[in-house]
Amino acid sequence: MISKKILASIFVIGILALAMGYGTYSYFSDIAKSTGNTFTAGTLDIKLWGSSWQDNVVGTWVSPTNWAPGEYVEATLYMKNFGSIGVTHIGVKVDNLGGTGLETAVLLTKFMYTEYWDYAATPPGPGTTRNEYDITSWVISLIDDWNIAHGRAEDIGNSDGKLTLSEFIAWCAVPHSLKFFEGPWESGEPYLKPNEGNEQYLTLGFTFDSGAGDNYQGKTASFDLSVLAAQSYSQWPPVWWTTPSHGY
Amino acid sequence: MKRTLTAIVLIGIVVTLVGAGTFAYFSDAGRSYDNTFTAGTLDLKVSHSSAGPWTEGVSGTWTLSNMKPGDETPTASVFFKNFGSIASNTLEITCNYTVTEEMPQTESDTDPHTDQHPDEMAKYMIITMMFYRNDQLNINCLTGYDSYFGQTKDEWKINDANGDGKISLYELKLDPLILPSPDTQPNKITQLDMKIKFDESAGNDFQGDTFNLTMIFTLKQ
Numbered sequence: 001m002i003s004k005k006i007l008a009s010i011f012v013i014g015i016l017a018l019a020m021g022y023g024t025y026s027y028f029s030d031i032a033k034s035t036g037n038t039f040t041a042g043t044l045d046i047k048l049w050g051s052s053w054q055d056n057v058v059g060t061w062v063s064p065t066n067w068a069p070g071e072y073v074e075a076t077l078y079m080k081n082f083g084s085i086g087v088t089h090i091g092v093k094v095d096n097l098g099g100t101g102l103e104t105a106v107l108l109t110k111f112m113y114t115e116y117w118d119y120a121a122t123p124p125g126p127g128t129t130r131n132e133y134d135i136t137s138w139v140i141s142l143i144d145d146w147n148i149a150h151g152r153a154e155d156i157g158n159s160d161g162k163l164t165l166s167e168f169i170a171w172c173a174v175p176h177s178l179k180f181f182e183g184p185w186e187s188g189e190p191y192l193k194p195n196e197g198n199e200q201y202l203t204l205g206f207t208f209d210s211g212a213g214d215n216y217q218g219k220t221a222s223f224d225l226s227v228l229a230a231q232s233y234s235q236w237p238p239v240w241w242t243t244p245s246h247g248y
Numbered sequence: 001m002k003r004t005l006t007a008i009v010l011i012g013i014v015v016t017l018v019g020a021g022t023f024a025y026f027s028d029a030g031r032s033y034d035n036t037f038t039a040g041t042l043d044l045k046v047s048h049s050s051a052g053p054w055t056e057g058v059s060g061t062w063t064l065s066n067m068k069p070g071d072e073t074p075t076a077s078v079f080f081k082n083f084g085s086i087a088s089n090t091l092e093i094t095c096n097y098t099v100t101e102e103m104p105q106t107e108s109d110t111d112p113h114t115d116q117h118p119d120e121m122a123k124y125m126i127i128t129m130m131f132y133r134n135d136q137l138n139i140n141c142l143t144g145y146d147s148y149f150g151q152t153k154d155e156w157k158i159n160d161a162n163g164d165g166k167i168s169l170y171e172l173k174l175d176p177l178i179l180p181s182p183d184t185q186p187n188k189i190t191q192l193d194m195k196i197k198f199d200e201s202a203g204n205d206f207q208g209d210t211f212n213l214t215m216i217f218t219l220k221q
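Protein chains in written order, with our numbering: chain A, 1 to 248; chain B, 1 to 221.
Bound-form chain A, shown alone (with noise of 0.2 angstroms):
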């Protein structure tokens, strides 16, 4: 009982001396702020054209009803940023197969994209005042010889000279993306200037494998197709922009 009553009064004692050792050393203080320090974000925001300019535009590449082996199908996607800043890198990248097994036959044999070539056509359309580059080959041997045997970490390609959609699907997979313009160009301008600038495209064509046999009649495929853009290298890879496309 005694010790519950010493106790008690040692426990006044602290809060007491609690109390007071907050009042004896309460300090002055001031402050001052640096406000309205502002930093905002750009925006790339590429829009692609489809009857106007939209995120996604559906059905680029159809190939005609009946396709036959040796055939050919192409289009051509063209390309605005609708950001606030200027984009200077740009690729590709493709995937999500669907159909019922066309892909090993249906094969890449056309890729051209445009540079420096800056107008402002509505509705847009190929210029004459264009520059294209036709990087078909390199992008053929790029993914077709990219396996082991060419000292790649991943076997993907059967160096046949030949890319199928099956091994674009597949080297985009992995995950890797067709990086076909790293900016900025020589005036310093970014390949897609900001606030709908300048307009570039880029054209694919696809051949429906002429030395395909019979057991691909009545197949399908469909893929999507996504522009990627990033304002610098170390953007890279960035989020992409999908333009899903259907046919085959």
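One thing to keep in mind: the hints can contain errors.
[As the list claims (entries may be wrong)] In silico lysine-lysine, DSSO-like type, Cα no more than 30 angstroms apart, as pairs:
1. Lys220/B <-> Lys45/B
2. Lys33/A <-> Lys123/B
3. Lys173/B <-> Lys195/B
4. Lys33/A <-> Lys220/B
5. Lys33/A <-> Lys153/B
6. Lys157/B <-> Lys33/A
7. Lys195/B <-> Lys166/B
8. Lys162/A <-> Lys179/A
9. Lys33/A <-> Lys188/B
10. Lys166/B <-> Lys153/B
11. Lys123/B <-> Lys173/B
12. Lys162/A <-> Lys219/A
13. Lys220/B <-> Lys179/A
14. Lys188/B <-> Lys162/A
15. Lys193/A <-> Lys123/B
16. Lys33/A <-> Lys166/B
17. Lys157/B <-> Lys173/B
18. Lys45/B <-> Lys153/B
19. Lys195/B <-> Lys220/B
20. Lys220/B <-> Lys157/B
21. Lys33/A <-> Lys45/B
22. Lys193/A <-> Lys195/B
Just so you know, the hints here were simulated from the structure itself, not pulled from any lab data.
Could you slot chain B onto chain A? The hints should help.
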């Protein structure tokens, strides 16, 4: 016994009364008037120039517009001066911040709710240079080293909480700087020089977002 005690008390009273009459002195009263206790003041003012004007706050010291990963502010400075009547002991520097989402939302902004967790963006706002200095101080607040006296103190540097070798505004908020008084001598002016970079690894979560930074300077006795 009681009688004896009563007698003693009575004698005492009588002696006291007699004494009072016998030993009366002249007396007078003097007073100390107007004893006042006026508390001193600490009055921190800041400026964007050593020449002033001096105010309670400055605005827009560090800004970036259309910022992309890798962009960095130029060096900007805040100058400090104590206009109070007492000397301070330390200056605490910390920060607070908010994030404003763009309206309408940009399709490529992969996190439309960064405003609800601004720390995530603050982790990518990197302090690439921060010096606190006057003619007797030159403290690098990223290392805690004062090159003037050649000494280092932990409280003079921001702790790299995630150990990535970069100091972010998020880490400054977690670990305020406790720096030496900016007014170690009368009319001393001390300044903070700082550069801020939007880290190269910042992702699309922050596209179009605005990071609103308030730097808070607390002068302490």
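Which numbered conditions among the earlier hints are violated in the structure presented, ordered from lowest to highest? 13 and 14
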